[in-house]
Amino acid sequence: MTEPATPDAEPDEGDGGGRTDRAERPDEADAEPTDEPTADAAAARAEAATRSPGTGANAVIAALEAAGVETAFGVQGGAIMPVYDALSASSIHHVTMAHEQGAVHAADAYGIVRGDPGVCMATSGPGATNLVTGIADASMDSDAMLALTGQVPSDMVGSDAFQETDTVGVTAPITKHNYFASDSDDVGRTVGEAFALAGTGRPGPTLVDLPKDVTFGETDRPVGEPAAPDRAIPDAEADDRQVEEAASAIQRAERPLCLFGGGVIKGDATEEARAFAREFGIPVVTTMPGIGSFPEDEDLCLSWAGMHGTGYANMAITHTDCLIAVGTRFDDRLTGGVDTFAPEAEVVHVDIDPAEISKNVHADYPVIGDAATVLDQLDAAIGYADAPDTAAWREQCAAWREQYPMDYAIDPDEPVKPQFVVEAFDAAMDDDAYVTTGVGQHQMWAAQYWTYREPRTFVSSHGLGTMGYGLPAAIGARVAADDDRQVISFEGDGSFLMTIQELSVAVRENLDVTIVVLNNEYIGMVRQWQDAFFEGNHMASQYDWMPEFDTLAEAFGAKGFRIDEYDDVEGVVEEALAYDGPSVVDAHIDPEENVYPMVASGAANGQFALAEDQL
Amino acid sequence: MSERTEGDRSEEETERSAGAPTTDGGTDHPAESPVAEHARPAGGDAPETGLAGPTPDERPHPTGRRDEHGVRKEPDHGPEPTRRATVSALVEDEPGVLARAAGLFRRRQFNIESLTVGPTTVEGHSRITLVVEETEAGIEQAKKQLAKLTPVIAVGELSGDAVAAELVLLKVRGEEPDKVHAITSMYDGQTLDAGPRTITVQITGDENTIDDAIDAFDQFGIIEIARTGQTALERGDSPTTPGEEPGHSAGETDDDEFTNYDD
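As given, the protein sequences belong to chains Y and B, one line each in that order.
FYI, in full-length UniProt numbering the residues of the first sequence are 1 to 615.
FYI, in full-length UniProt numbering the residues of the second sequence are 1 to 263.
Treat the hints as calculated values from the structure; they're not laboratory data.
A few of these clues could be false.
[Said to hold, decoys possible] A few chain Y positions that, by computed beta-carbon distances, are all more than 10 Å from chain B:
1) Ser88
2) Glu225
3) Pro229
4) Asp239
5) Glu244
6) Val338
7) Pro343
8) Glu344
9) Asn360
10) Asp430
11) Gly465
12) Glu535
13) Ala540
14) Glu593
15) Pro597
[Said to hold, decoys possible] Distance windows between CB atoms, simulated:
16) B:Glu92 / Y:Glu554: 47 to 57 Å
17) Y:Pro295 / B:Gly118: 47 to 57 Å
18) Y:Ser88 / B:Arg227: 31 to 41 Å
19) Y:Gly465 / B:Pro56: 53 to 63 Å
20) Y:Asp160 / B:Thr82: 38 to 48 Å
21) B:Asp237 / Y:Arg231: 21 to 31 Å
22) B:Gly243 / Y:Pro295: 41 to 51 Å
23) B:Pro246 / Y:Gly465: 22 to 32 Å
24) Y:Asp160 / B:Pro242: 41 to 51 Å
25) Y:Asp160 / B:Ala182: 46 to 56 Å
26) Y:Gly602 / B:Thr63: 11 to 21 Å
The C-beta atom is built at its ideal place from N, Cα and C for all residues, glycine as well.
Isolated chain Y, as found in the complex:
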């Protein structure tokens, strides 16, 4: 993938578009992201931490700089203006989004790709409330993120002033913690703490509400290094006894199964997780957020379990006698009915958050700690000689893989199958490409028919299921990713239309992303459920008034493509990927195609339906 052209708007920022950070790295040839900050970057952070800010707004920006923030996503507005004014003098690149929901999803995806909290900004009132969906989304998926919101001046708070909302009150249940800044001297330290807290322990979104008088106010107090409160920093290492007991349960097992959740990826534990499963020959299923934690093209990997997971993953999870669950919260989309979930398994549950232990599924062996550290501890405690003999069990899993193939029937005279489009792009793109999605049937096909091999490459809205997530997430991922990594977004027609305005941002920033709309002129997942459970009454799910997305893309200044039949696919894939900039592929798919396998809500995983008449 080639370097996008530099937009005229930012002549000072040598490199291009949203990726000024690359230009600042001394060794540009080094494509590998490195955890070690360069000497220059470290010096800049130290300078930001110790300088006298002058105003509260400058302190906010200094705190972001001291935290190493390179990019922020947001929308201007009345109450946040002092912060934006201060931002203009900063090296932080600001990506102006078309809507605050775009900003928050972009920041979310940026954070997922980078492994550091993404930052979004909005003004008070409607700006802040427009962030709410994305904050809730990040909260459900344990994504590290910092949201900064403007607020009316302190003396007007509580008076129902123009564009006033109780942002702290509104976002309290959907943030890891939030802050109301009340003092110009403290605001910088608070922003630093909020940033650090977002990425500490179990990640999550934090928010700082910034009254205009506080950001306008004068302060000479340096912001200092960002630091989370001591008691918010959990121990990485698990209790030895917990580890010993879990290890002996695994040794005793005849049908052990690893279940890797999003926590494996967020905890940067993929290396340890892979090593663990491979060393002991334990088959692996993932959750949907855990996709990419284990290479899906390896024999040991059964892909993901749950409502639309593979039949073989659901068979394995139903019949395992020892479930080694790492970094998962046992969401109902994974478990189906808890009464029938892995009913014969002793559960080893590794998690950094003690509150997840036995919340939904009782943990026979709770192991509280950092995933990477604990997996190393477990590895050492089991020892190769005492590893369980899993040969027969692996054979059984392989048999299930044969019995329940992920496939689809196609007829060249019929409309194109969405799975085919997903596979065509997968075949044409790099193994480490980033895939973002909206929410719906297309999301499931993108999860099922794309072969994921690397962590952080599947960027999706899991717990909250936010339609419209895909495009802004693609923008965030594109800005965050190294230039040589490809970014593709799968959207449904209904999902895409919810945040389509962000296409203007992709065009303005000339972001090389490919947006594939799997267009069936339905809210397809709803239609699938209506067919299954509401006697085919398609109330409000038929979207036959959809615009021509390829033409609309051109109106935005992006490149539009259209797929109507199988013969179009190969050429469009090639051209869309070759296009240097945002392209939209309006793929008209079989409107009747449904997502299978499917575990009905609350049903047993092993009862997954392969077709509608099995529901």
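For chain Y, the structure is supplied; the task is to place chain B on it using the hints.
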């Protein structure tokens, strides 16, 4: 495990799947068509839309079950009993902390019986005392979720012999002041206001004492009641929340007496 004959069953199923004729594999695609390689190895009873494979009825199913808390159980277990627990949380005394705790309990559907809050011996710290009625798993979860809140320093559940007390103000009709006074004395209460028509008294004590006192005053006709809800401390040297350290005023006496607080 012994109920299932996994190996046998799988062989059968594999055979059925492999040996079945394909329903849609015979379509003639042009060799260069991108779809040519797709010929689904569908099972004999494969649906027209959907995936191939043994149907739900044809699959082996384990017989085990879990209860509503995800604990492996016999299928015919009864409902989980609930119990009352007094939970004490030491928190940073910052705006909104009570709202956070109360909001947490509301949105997670924990059943709060009472909630009290007040300062401790340490400046900047407050204590929240919550009485909840929940299942054992629910109580554990409530404590963990509370402990997760950033301003919460420590959470403890009080033992059965903890010291617990509540205050109630009772306003009763004043026609029989002597009798009211007698009952008030019986409960070691105080008369706060006595007029020709109403008498207001204050009673403190554990929850049962308060309930009994209200029953006793009922004979005079209770006009209004205000109860504070229960507050509680652990008895003796045991700290009410783990790791809790007293403030300076308490520490001045004799450090050795408070060694338990450092545990």
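Now the hints, each set against the structure:
Annotated as non-interface, Ser88 of chain Y keeps its C-beta farther than 10 Å from every C-beta of chain B; the closest such distance is 32 Å. With a cut of 10 Å on Cβ distances, Glu225 of chain Y stays outside the contact zone with chain B, its closest approach being about 19 Å. Against the 10 Å criterion, Pro229 of chain Y falls within the reach of chain B, whose nearest CB is about 7 Å from its own CB. At the 10 Å boundary, the C-beta of Asp239 of chain Y stays outside the reach of chain B, the nearest C-beta of that chain being 16 Å off.
The Cβ of Glu244 of chain Y lies farther than 10 Å from every Cβ of chain B, with a closest approach of about 22 Å, so its non-interface assignment holds. Against chain B, the non-interface label of Val338 of chain Y is violated: not every CB pair exceeds 10 Å, the least being about 5 Å. With 10 Å as the threshold on Cβ separation, the claim that Pro343 of chain Y sits away from chain B is violated: the shortest Cβ distance comes to roughly 3 Å. Its beta-carbon lying about 5 Å from the closest one in chain B, Glu344 of chain Y breaks the requirement of being farther than 10 Å from that chain.
Listed as a non-interface residue, Asn360 of chain Y fails to keep its Cβ farther than 10 Å from every Cβ of chain B; the least gap is roughly 6 Å. Residue-level check passed: Asp430 of chain Y sits 20 Å from the nearest beta carbon of chain B, beyond 10 Å. Here Gly465 of chain Y stays apart from chain B, with its beta-carbon at least about 18 Å from theirs, past the 10 Å limit. With a minimum CB-CB distance of about 17 Å to chain B, Glu535 of chain Y clears the 10 Å threshold, and the non-interface call stands.
Every CB of chain B is more than 10 Å from the CB of Ala540 of chain Y (nearest about 23 Å), matching its label as outside the interface. Not every CB of chain B lies more than 10 Å from the CB of Glu593 of chain Y, the least distance being 7 Å, so the non-interface label is violated. For Pro597 of chain Y, the shortest C-beta to C-beta distance to chain B comes to about 6 Å, within the 10 Å cut-off, and the non-interface label is violated. Range check, Glu92 of chain B to Glu554 of chain Y: Cβ separation about 55 Å, and the 47 to 57 Å hint holds.
Between Pro295 of chain Y and Gly118 of chain B the C-beta distance comes to about 56 Å, which sits within the given range of 47 to 57 Å. Checking the proposed 31 to 41 Å range against Ser88 of chain Y and Arg227 of chain B shows it is violated: the Cβ atoms sit about 57 Å from each other. For Gly465 of chain Y and Pro56 of chain B, the hinted distance range of 53 to 63 Å is not satisfied, since their beta carbons lie about 25 Å from each other. The hint said 38 to 48 Å for the Cβ distance between Asp160 of chain Y and Thr82 of chain B, and at roughly 42 Å that hint holds.
At roughly 24 Å, the beta-carbon separation of Asp237 of chain B and Arg231 of chain Y lies within the given 21 to 31 Å, and the hint holds. Restraint check, Gly243 of chain B to Pro295 of chain Y: a C-beta distance of roughly 44 Å satisfies the suggested window 41 to 51 Å. Our hint of 22 to 32 Å for Pro246 of chain B and Gly465 of chain Y is violated, since their Cβ atoms are close to 48 Å apart. Checking the proposed 41 to 51 Å range against Asp160 of chain Y and Pro242 of chain B shows it holds: the Cβ atoms sit about 43 Å from each other.
Separation of Asp160 of chain Y from Ala182 of chain B is about 53 Å and conforms to the stated range, judged on CB atoms against 46 to 56 Å. A hinted range of 11 to 21 Å holds for the C-beta pair Gly602 of chain Y and Thr63 of chain B, which are about 19 Å apart.
This entry does not satisfy hints 3, 6, 7, 8, 9, 14, 15, 18, 19 and 23, going by the numbered hints stated previously.
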